[in-house]
Amino acid sequence: MSAPAIGSHDPASEEGLIRRFLNATELDTRMLGMVGALLVIWAGFDIYSGILRPGDGLFGGSFLTPRNLWILMVQTSSIAVMATGMVLIIVMRQIDLSVGSMLSFIAVSVGYLQVYGLGPALGVGHPAIWIIAVLFALVMGALVGCLNGVLIAYLRIPSFIVTLGGLIAYSGLAWWVIRGETVAPMDQTYKLIGGNGPLASIGPFWSWILAFLACGGIVAAIITGRQQRRRFKFPLRPIWAETVIGVVGSLVALGATWLVNSYPWAPKVIEKYALEHNIPIPDGALDASGDAICREGDKIVRCVNGLSFETGYAIPVLIAISVGFLMTFLAMRTRFGRYVYATGGNPEAAELAGVNTKRLTVMIFTLMGVLVAVSALISTARLDSATNSLGQFNELYVIAAAVIGGTSLAGGIGTIYGALLGALLMQSLQSGMTLLNFESAYKDMVVGAVLVTAVWLDQVYRARMK
Amino acid sequence: MSDNTGSSGPTPLVEMRDMSIAFGGVKAVNHASIDLFQGEVVGLLGHNGAGKSTLIKILSGAYKRDAGDILINGEPVKIDNPRDAKALGIETIYQTLALADNVDAAANLYLGRELRTRWGTLDDIAMESQCRQVMGRLNPNFRRFKEPVKSLSGGQRQSVAIARAIHFNARILIMDEPTAALGPQETAQVGELIKQLKAEGIGIFLISHDIHDVFDLADRVTVMKNGRVVGTAHVRDVTKDEVLGMIILGKCPPGAIPGPGAIKDIPAAAQAAVMGHA
Numbered sequence: 001m002s003a004p005a006i007g008s009h010d011p012a013s014e015e016g017l018i019r020r021f022l023n024a025t026e027l028d029t030r031m032l033g034m035v036g037a038l039l040v041i042w043a044g045f046d047i048y049s050g051i052l053r054p055g056d057g058l059f060g061g062s063f064l065t066p067r068n069l070w071i072l073m074v075q076t077s078s079i080a081v082m083a084t085g086m087v088l089i090i091v092m093r094q095i096d097l098s099v100g101s102m103l104s105f106i107a108v109s110v111g112y113l114q115v116y117g118l119g120p121a122l123g124v125g126h127p128a129i130w131i132i133a134v135l136f137a138l139v140m141g142a143l144v145g146c147l148n149g150v151l152i153a154y155l156r157i158p159s160f161i162v163t164l165g166g167l168i169a170y171s172g173l174a175w176w177v178i179r180g181e182t183v184a185p186m187d188q189t190y191k192l193i194g195g196n197g198p199l200a201s202i203g204p205f206w207s208w209i210l211a212f213l214a215c216g217g218i219v220a221a222i223i224t225g226r227q228q229r230r231r232f233k234f235p236l237r238p239i240w241a242e243t244v245i246g247v248v249g250s251l252v253a254l255g256a257t258w259l260v261n262s263y264p265w266a267p268k269v270i271e272k273y274a275l276e277h278n279i280p281i282p283d284g285a286l287d288a289s290g291d292a293i294c295r296e297g298d299k300i301v302r303c304v305n306g307l308s309f310e311t312g313y314a315i316p317v318l319i320a321i322s323v324g325f326l327m328t329f330l331a332m333r334t335r336f337g338r339y340v341y342a343t344g345g346n347p348e349a350a351e352l353a354g355v356n357t358k359r360l361t362v363m364i365f366t367l368m369g370v371l372v373a374v375s376a377l378i379s380t381a382r383l384d385s386a387t388n389s390l391g392q393f394n395e396l397y398v399i400a401a402a403v404i405g406g407t408s409l410a411g412g413i414g415t416i417y418g419a420l421l422g423a424l425l426m427q428s429l430q431s432g433m434t435l436l437n438f439e440s441a442y443k444d445m446v447v448g449a450v451l452v453t454a455v456w457l458d459q460v461y462r463a464r465m466k
Numbered sequence: 001m002s003d004n005t006g007s008s009g010p011t012p013l014v015e016m017r018d019m020s021i022a023f024g025g026v027k028a029v030n031h032a033s034i035d036l037f038q039g040e041v042v043g044l045l046g047h048n049g050a051g052k053s054t055l056i057k058i059l060s061g062a063y064k065r066d067a068g069d070i071l072i073n074g075e076p077v078k079i080d081n082p083r084d085a086k087a088l089g090i091e092t093i094y095q096t097l098a099l100a101d102n103v104d105a106a107a108n109l110y111l112g113r114e115l116r117t118r119w120g121t122l123d124d125i126a127m128e129s130q131c132r133q134v135m136g137r138l139n140p141n142f143r144r145f146k147e148p149v150k151s152l153s154g155g156q157r158q159s160v161a162i163a164r165a166i167h168f169n170a171r172i173l174i175m176d177e178p179t180a181a182l183g184p185q186e187t188a189q190v191g192e193l194i195k196q197l198k199a200e201g202i203g204i205f206l207i208s209h210d211i212h213d214v215f216d217l218a219d220r221v222t223v224m225k226n227g228r229v230v231g232t233a234h235v236r237d238v239t240k241d242e243v244l245g246m247i248i249l250g251k252c253p254p255g256a257i258p259g260p261g262a263i264k265d266i267p268a269a270a271q272a273a274v275m276g277h278a
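Protein sequences appear in the order of chains A and B. Going by the numbering used here, the first residue of the first sequence is number 1, and it counts up by one from there. Going by the numbering used here, the first residue of the second sequence is number 1, and it counts up by one from there.
Just so you know, the hints here were simulated from the structure itself, not pulled from any lab data. As the structure is a prediction and not an experimental result, all values here were calculated from the model. One thing to keep in mind: the hints can contain errors.
[Unchecked claim] Cβ-Cβ distance ranges computed for the label pairs, FRET-style: (1) B:Pro-184 <-> A:Val-40: 36 to 42 Å; (2) B:Asp-80 <-> A:Gly-33: 44 to 50 Å; (3) A:Gly-125 <-> B:Trp-119: 39 to 45 Å; (4) B:Gln-185 <-> A:Trp-456: 40 to 46 Å; (5) B:Trp-119 <-> A:Val-269: 42 to 48 Å; (6) B:Asn-81 <-> A:Arg-230: 38 to 44 Å; (7) B:Asp-80 <-> A:Phe-205: 56 to 62 Å; (8) B:Thr-121 <-> A:Glu-271: 45 to 51 Å.
Glycine included, each C-beta is placed from N, C-alpha and C at the ideal position.
So that you can see chain A by itself, here it is in the shape it has in the complex (with noise of 0.2 Å):
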C-alpha cells in the first residue's frame, strides 16, 4: 500500500476520512470490495426475482431468504475446502488440474467401499462404517496427492503436465472402479458429513453456542493482539478501530447464525421426525403461512405455533469453516505457512535460507489430495451416492474460486478468505442464474465472464496500489 504510516494522515477530507479509517483497522480494502460485490449480486438477484415473482426475501424476491441461503452455503462447502489448498498451491508457482478427477476416483472408491465391502462384512448400519469409509477417503487423498507431489518435485516435471495427466488419468480410473456405474446408498451416519437429511445440521442451541464461541474468539484475539503489541512497545491501534472490527465481527458471526436458525425443516419432515421419537404433536388450527406442524382432529396441518424445529448450521458448512481456520491458521501462524509463501514469493531466495522446497512441494499436494478426500466425502454424503462425473469440471471451479480470491498465478500472494468469498461468489452466480431459471449455457458464459472481469480488476486494483 502506499498510504502513509499509521499515526500520520492526510489533510482532513472525505478520502481522507475513508483512508484514515482503513489504516486504523488495517482491514483488507480487497477484502471489502469482495464482500461488497458479493452483497450486491445478492441483492440483485433478490430484487430480480421479486420483480418476476414476489417471494419473501429481504427485498421482495426469493433470493436473500433464510431457506436460499442456507442451501447456498451447502453447496458452496465442497468447492470452498478444495479451493483453500488450491490458494497455497498457486501461491508456491504449482497448478494442480487433476482435483476434480481425483474428487472423482475417492468418491466412487469410498462408495464402493461402503456398499460392496463394509456393508455386506459389518451388516449395513454398522456404526463403524462411516468412521472407516471416512478414514480411508483421506488416507487415500494424502496418498494420490502425495503422488502428485513426489512426481513434481523429484522428478521435476510441471505441475502442469503432472496434473493434467492426473486428470485424464485418474477419472479412468474413478470410472474403472465402479464402471460407470451409480453407487448409492450411502451409510445412514455417512450421509450427515454432507448435511443430508434433517440431523444433518446442529440445530439452534449449538448454532447459538457456536456463535458466542465465536464472538468470545473475536474479543480474546483482539485482547492478546493488543497484549503482545503492548510488550514488545509497538503503535497500538486505537480502541475505535478495535471496537469497530469486534462489533462488525461479532454482528457477522450472530447473523449467520441468526440466518440458519431461521430456516425451519419441512413439515414432511418434522412429522416424520415426530412420529419415529414419539414427540406429542400440539392441537392447532389450518395455517398454510406456519413452519409448524399441528394436529386437527385426526389429521396433521401446517400451523403457526406448532410443532417446528430449525436446522441451524449444516455439518458440510461447519467442515468448511473449521478448514478455512485450520487453513489460514496454517498460511499465516505456522512455519509451512510462511515457507509456502516465501517460496512463492522467491524460490531461489527460499532455497538459499534453507527451506526444502522439494519437501515443501509434496507436502501442499499432499495436503490438497487431503482436502479434496474431505471434499469428495461432502459430495458423495450429500448426493446419497458416488459416480464417476461427480467432481467433473471441480478443477476449474476451485481455481476460479481462488482466483477470483485474489491468488496471483504469478506466485506469491493470494489469502484463504479470499478462496472462501470467491467460492462463495461463484456459487452464488450460478444458484442465483438457477433461480431465475436461466439455460445452463447462459450461466458458464456469465461465470466465465466474471472470473475474467475479476482477475482483470484486481490487477486494475494492485496497478493503483503501488
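For this one, chain A is given, so just place chain B on it according to the hints.
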C-alpha cells in the same frame, strides 16, 4: 592489516582446496584454492563468468562441489546445502539479494530460522521487534516494517539482506557485489560496515568487479579467470594496473603468489596494450 601469508602462519578461518565444479561439461571452477583469515577481507576479482560467484556459492551451500576440500579453522567440513553453511557461521549476501519479495523485512530476516512461540507457531511480534533493533543500527530511517520488501528502495532492500547476514553471529561473511545496486552514499555506508565487521574479527569474502572498491577495503585479492585462480596478493604488494593485468590477461605479477590459472608467457604487444589501456 593482516600479515598472515602462506601456510606457515596461523590456521586460516576458511580454506578451500582444489575446488572443482562443472555444469554440463563446462568447468566453471577448475582446481581453485583460496583462503581467508579471521578479521580479514579478501577481495575476489575477475570478469563475469570467471567463476568467482560459483566458487563462493560452493562455500555458501548453494552449489555442491564435484571435488575439493573445505576446511574451517583447519577442520574439514561438509557443506551440502545452505543450512550446513549457516550452521558453520557462514552467511552470504547474494548479488540478487535473495529476498522473498512478497513478505516483510522481519520474515526475510528470519527466513529459515523463524522464532517460534512455545506452541510452535510463528512469533511474528518477537521477530519484528528484533528486526526493528537490527535495522535500527543499519538504517535508522527505516520504518516500513509491515510492507513486503518488494516495495522498498534498492538501499533498503540491501540493508535487509545485510541485516540477515550479520544478525546471526556470522564468523564468515560472503558479500557478492554488495554495492552493485547502490548510490555513492549507500556504497560508503557499506564500506564503513565492512570495516566495522572486520574489526569484530569476522572474515569477509568480497566479490566485486570494481577494482577500486576492492583496493579500498580488502587486505588481499585473489583473481580468477576461466574458472582458475590466477594469483593471490596483498593489496600493498601490487598495483591496480598489475591486478588489471591479472584479470584481463591472467598474468601474475611478481608481488603475487601465482595460481594454476596464471600464464607463463604473454606477447609483449598484448601486455603493452593492456598497460596503455589502464
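Verification of the supplied hints:
For the pair Pro-184 of chain B and Val-40 of chain A, the beta carbons lie near 53 Å from each other, so the given range of 36 to 42 Å is not met. Distance hint check: the CB atoms of Asp-80 of chain B and Gly-33 of chain A are about 47 Å apart, consistent with the given range 44 to 50 Å. Range check, Gly-125 of chain A to Trp-119 of chain B: Cβ separation about 41 Å, and the 39 to 45 Å hint holds. With their beta carbons about 42 Å apart, Gln-185 of chain B and Trp-456 of chain A fall inside the hinted range of 40 to 46 Å.
The given range of 42 to 48 Å is respected by Trp-119 of chain B and Val-269 of chain A, whose C-beta atoms sit roughly 44 Å from each other. Between Asn-81 of chain B and Arg-230 of chain A the Cβ separation comes to about 40 Å, which falls inside the hinted range of 38 to 44 Å. For the hinted restraint 56 to 62 Å between Asp-80 of chain B and Phe-205 of chain A, the CB-CB distance of approximately 59 Å keeps it satisfied. In this structure, Thr-121 of chain B and Glu-271 of chain A meet the distance hint of 45 to 51 Å, their C-beta atoms being roughly 50 Å apart.
Of the hints listed earlier, the one the structure fails to meet is number 1.
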